[in-house]
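S.K.: So the chains spell out like this:
Protein chains: 2
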Amino acid sequence: MNSFQLNLKTFIERSARYFPENEIISREPDDSLFRYNYAQYYERVQKLANVLKFLGIKKGDKIASFAWNNHRHLELYFGIPCYGAILHTVNIRYGEKEIAYAINHAEDEVVFLDKDLVPKMEAIAHKLLKVKAYVILDNTIPETSLSPVFSYESLLSSADHTYSFEELDENSPASICYTSATTGLPKGIVYSHRSIYLHASALCFTDVMGISEHDHILPIVPMFHVCAWGIPYAAIATGAKLILPGTRPKAEDLLRLIESEKVTFSAGAVTLGIDMLTILEEKKYNISSLRQLMLGGQAVPKALIDKYSQKHGVPIVQGFGATETSPIVTFFHIRRDQERLSDDQKNEIRSRQGMLLPGLEMKIIDELGKEVPWDDEHMGEILVRGPWIASEYFKDKRSSTSFIDGWWKSGDIATINEQGSIRIVDRDKDVIKSGGEWISSVQLENELMAHPDVLEACVVAVSHEKWLERPIACILLKNKEKGTTNVEEALVEWLTPKFPKWWLPDQFMFIEEIPKNANGKYNKNLLREIVSQSILSSPS
Amino acid sequence: MNSFQLNLKTFIERSARYFPENEIISREPDDSLFRYNYAQYYERVQKLANVLKFLGIKKGDKIASFAWNNHRHLELYFGIPCYGAILHTVNIRYGEKEIAYAINHAEDEVVFLDKDLVPKMEAIAHKLLKVKAYVILDNTIPETSLSPVFSYESLLSSADHTYSFEELDENSPASICYTSATTGLPKGIVYSHRSIYLHASALCFTDVMGISEHDHILPIVPMFHVCAWGIPYAAIATGAKLILPGTRPKAEDLLRLIESEKVTFSAGAVTLGIDMLTILEEKKYNISSLRQLMLGGQAVPKALIDKYSQKHGVPIVQGFGATETSPIVTFFHIRRDQERLSDDQKNEIRSRQGMLLPGLEMKIIDELGKEVPWDDEHMGEILVRGPWIASEYFKDKRSSTSFIDGWWKSGDIATINEQGSIRIVDRDKDVIKSGGEWISSVQLENELMAHPDVLEACVVAVSHEKWLERPIACILLKNKEKGTTNVEEALVEWLTPKFPKWWLPDQFMFIEEIPKNANGKYNKNLLREIVSQSILSSPS
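Protein chains in written order, with UniProt numbering: chain A, 1 to 540; chain B, 1 to 540.
Think of the hints as simulated: they come from the structure by calculation, not from any bench.
Quick caveat, the model's predicted, so the values are computed rather than measured.
From the three backbone atoms N, C-alpha and C, an ideal C-beta is built for every residue, glycine too.
One thing to keep in mind: the hints can contain errors.
[Stated by the list, open to error] In silico negatives: residues of chain B with every beta carbon more than 10 Å from chain A:
1) L6
2) E21
3) V190
4) S201
5) H214
6) D337
7) A390
[Unchecked claim] Taking CB as the label site, the calculated pair distances span:
8) E252/A with S164/B: 51 to 57 Å
9) G95/B with K262/A: 17 to 23 Å
10) G369/B with S154/A: 55 to 61 Å
11) Q507/A with S164/B: 47 to 53 Å
12) E28/B with H378/A: 52 to 58 Å
13) D337/B with S342/A: 54 to 60 Å
[Claimed, not checked] Below 16 Å or equal to it, Euclidean Cα-Cα: the simulated EDC-like pairs (lysine to aspartate or glutamate) are:
14) K9/B with E13/A
15) K363/B with E339/A
16) K262/B with E361/A
17) K262/A with E339/B
18) K363/A with E259/B
19) K302/B with E339/B
20) K501/B with E481/B
21) K262/B with D337/A
22) K262/A with D337/B
23) K9/A with D337/B
24) K429/A with E339/A
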C-alpha cells in the first residue's frame, strides 16, 4: 500500500492542529493548577527537540526522566521519542541500587528530574557512568552537587519554537521501562513507536477504554510505571483533556481534581482506590463525572467494586498486563449477551480481569503446556503475543526464560470462564502447591479482605512435610484496638463456605504492616521469610 | 519490540474464539434470513482455505468475487486474504467492458459469483484471459456456459474443516478494488493486510464509528465498493452482529431488517437514505435502534439530516473518502466544545464531512499549493497521506498524476472551518470556474434539493465567452404533473439569499432523469454533454 510509518508525531501533530485549545492541566507542588492547551504543549514539545539538539543528543541516545506525573514529564513523553531519542522513565520508588543500575544499564546520557527528587539523584550521581548532564524540570536550579546542571525552563525559553520532526522507522525505539525482577536487578523493556502507537489505538476502541476527545483523563498511575499504562499516549492521540496529579498526590488531592475538573476516566493503584473510598466515607466529593475508574496493580476486591458502584455510581474496571505488554492485554468487557444483567452481576464481571484485546493472542496453559478448559476452575499460566508484546529484555540474558517461540510467559496464573473472561488467581511463584493441587493465595486474600474487620490480607506458602506447601494468612486488622480475640475463628467461619476445606490457611498471623515493594504490591518474598522464621514447627 | 505482523487472521481468530455464538445474518434471494454464528462462519472460512488449496490457488494469486452483500461473500472477505491470496471485489454495476478489463487487468484466476449474476458473467467470459474456474455461490449450479464451474457449497462440503492460517508479512496484498476513472478504464487499488487492519482499527475508535461488539451492523454499501467502506472488517474484529442485506435490497427490505434485527449502525448511499425516508412517510417501521445511520457516496443534504433527526430521532453521519483511501479519511465528530449545541446546530455539523481520523495527515491546498485558511470560504483540493492511503494504482501509468511526494491528490475540492471540519464543495473537474472565482456545483445542488418541489438537482458548467464557465441547473421535480410554470422563478428566489448573485445558475432545465454512473453518483460528464448540446446560444 505505502511505506508510511507509524510514528508518535502523527498523534500530537493532529491533536495540536485540530484541538489547539483543548486543555492540559498539571498540579503544581504548591497545589495550584497549571493550565495550558494542546497548541502550547506542542510548541514546547518542539522547543524541547531543539533543546535536545543543543545538548548534543543524537538519534538513538537514551535520556532518563525521574519525575512525577506533570506537564513537563508529558513533554518528554513526546518530545524525546519524536526527536528520535529514547525516553527511559526511571521508577522513582526504586532503591538507590536499582536506580543506578537502570540508568547505567540503559546508558542514559541526560537525566531530566523534578526538583524535589534532586537529593535522591545526588545520592547516586557518583555511580552513573554515562550521564553527561542533568536538567531540573523547573524554572530554577536548587543548590545541588549534580553537574553540569540546567534549568528546563531556561533551556526552553531560549530554544526555537518550531521543529520539523522527521518520519522515523516505526520500529525505532521510543522508550524504555524497567520492571522489578523476582530475583536480581530490574529488567528493561524497549517500546517502539509502532508498539506504543498500536497499544494506544487499542485503548481508544469503544470495546476497550473508549478513550475519546470528550474525556477528561486523570492518570494516577505513575508516568514512570509502564508509560502510565499507555493512557497519556491514547489521550494525546484523541485530544482528550489531561489532568496530571503532580508531586506525591494523596487520595484527597485526587478527589479534589476529579470533582473540580469533572474527570471522566481515571486509572491508578487499587490501594489508592481504597484510600479514596475511605475519605469519601467522611467527606463529600462529587465523583459522578467518572464514567470509569480503572484500578490495577493487583486484583480489585469485589467489595471495593460494590461500594463504588452502590454508594457513588462509579463503575470500577480493571485489566491484566505487565511492563512486558505495554501493558494492556485484557480489559473489562460487558458482552452483548450480558447487557441485561443486574448491577451486582455486572460488578461480578468487573471483579475479573476481563477479555483479550483485539489484536492480541493469548493462551492459558497447564504444566504440560495444554490449554486449560474454560471452566473457571482449572488454573494455568498466561502466555501472550501480539504487536505490543515484548520479545526480549533489553541486553539481558534472562530473556530466554520468559520469551519462548514468540510468546511471553507471564508467570501469572489465571482461570478463564465460559465467556472468555480471565481471573488472575496468583503469581506462578505465589500459588500454593498443596498435595499436587493448586491453591490461589489471591482468592483467599480477596475473601479475607471482604471481611469487615480486615484491612489487608496476604497469604503465603510455607513448607510442609506431607503436603509440600500449605497457606498461612497474614492479617492487618482495621481496628487494632479491638484485639484479635475470636477473630481467627470468625475468619475460618467466613472462609469455610467459600472454599474447599483444604484451601483454608493453616494459621492466621496478625501483623502490624504488610511489606510492599516499589510498586505498592505485597512483597511476598519478604513476607515468606518473615513468616517462615516465626513458625518453628510445621502446622499439624 | 517484536516481529509480529498485522494480519486479518488475528481479527477472525479472536472473535470466533471469544464470541462463537454471536450471529451473522444474511438475507437470501427468497427474502428469508439465513443465520449462523461466528464459530460456524470461521469454520467455513477454514473450509474455504482448503477449497482454495484444492483449486490450486497459490499465495499471491488473485481471485474475483462478483456478488452481493451476503454471508458467502463475507467468507471470501477473510478466507481468501488469510490464505494468502488476493480478493478482487468486482463491481457488478460496471459495464461489460469495465468488468472484463478489471478481471483481466487484475489477472484473476477464479471467479466466485452469485447465481443471479451468472448471465452477466457469461456475456463476457469469452474475453477473460486468465480465469480457470468459476464458483457459483450457491448449493446448485444453474445451466450455464461458464466452464469449468463448481458449486461453492459442494466444494465446501467436501473440504476439511480446519486450516492453520500462517502469519503473513503484513504488507502482503489482501484485496483489490477498482475505481471508475473520469476518463478511460477503471484504476485498481491494492489493500494490504496492514492497511485493512489499521483502517478497521480506526473505525472502532469511540471518536470515529465506535464499532463495538454491542453493535448490530447492516452494511448497505456494497461489498464490491471499497470493501463496504471497511465496515465488515471492523465488525468482525469486534465480534459485532452483522446483518447482510443480500441480493438487490430495496429500501423497504432494509427498513424491515433494521426493525427486525434492531440494527444500531448502518451505512449506505445517500439515495437509499432518501428512498427509506420516502417509505417511512407512508409506512411505519421502528428504526429507533439506530445509533447512527451513515450516508455517503455524495454529500448528504441538510434537509435529509433534519428529517431523520426530527421525525425518527436518528442521527445521520457522514465522512469523506475514496477507493484510494480504504476509504475513511474524515468522519463526523461533535467536539467536546460542541456538546451543548442544539439539535439543529448538531445537524449542521452532521451536514459536513467531518474531521480527520487519528493516524492520517491531510492538507487542503489552493492552486499555488498553499494551505487554505480555516475560514470555510476558501476552497482547495484535499491531499491525504497515512497508513491506509494508497501510494499508487495497480500497474497503471496514471499513478504519477494522482500520487505526488507521498500524498494522494483527491481531486475533491473542500473548505475547512475554524473547528477543522471539512465540507466537500465539489470535484476538481465539476467546480465551476467563473471569472477567476470558483462556484461549488454541490452547494447549489444541496440548496436546490432542500426546496420542497425538487427531488434531484444537478448543476454543471457550460462554456461562456466572457466568464469562461457558467452554471446550469438540471432539475428533476417531485411532482411532474404540477408542471414547471413559475418554478424557475421560485428557485431563483430560494437561492438568492443563500449565495452571492454571481453564483446563481444562468438557466434551469427540467429533465426526466439525471444520468448516474455505476456507483449511483451523478454522471456529470454525460450531463454536461446533454446540456451543451441543448444550449445553442450562450446565456446572456
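S.K.: Hint by hint, say whether it matches the structure.
M.R.: Here is what the structure says about each hint:
no., hint, result
1, L6, "6 Å, violated"
2, E21, "8 Å, violated"
3, V190, "7 Å, violated"
4, S201, "5 Å, violated"
5, H214, "5 Å, violated"
6, D337, "8 Å, violated"
7, A390, "6 Å, violated"
8, E252/A with S164/B: 51 to 57 Å, "55 Å, holds"
9, G95/B with K262/A: 17 to 23 Å, "57 Å, violated"
10, G369/B with S154/A: 55 to 61 Å, "39 Å, violated"
11, Q507/A with S164/B: 47 to 53 Å, "50 Å, holds"
12, E28/B with H378/A: 52 to 58 Å, "42 Å, violated"
13, D337/B with S342/A: 54 to 60 Å, "37 Å, violated"
14, K9/B with E13/A, "32 Å, violated"
15, K363/B with E339/A, "42 Å, violated"
16, K262/B with E361/A, "31 Å, violated"
17, K262/A with E339/B, "15 Å, holds"
18, K363/A with E259/B, "39 Å, violated"
19, K302/B with E339/B, "19 Å, violated"
20, K501/B with E481/B, "31 Å, violated"
21, K262/B with D337/A, "14 Å, holds"
22, K262/A with D337/B, "14 Å, holds"
23, K9/A with D337/B, "24 Å, violated"
24, K429/A with E339/A, "37 Å, violated"
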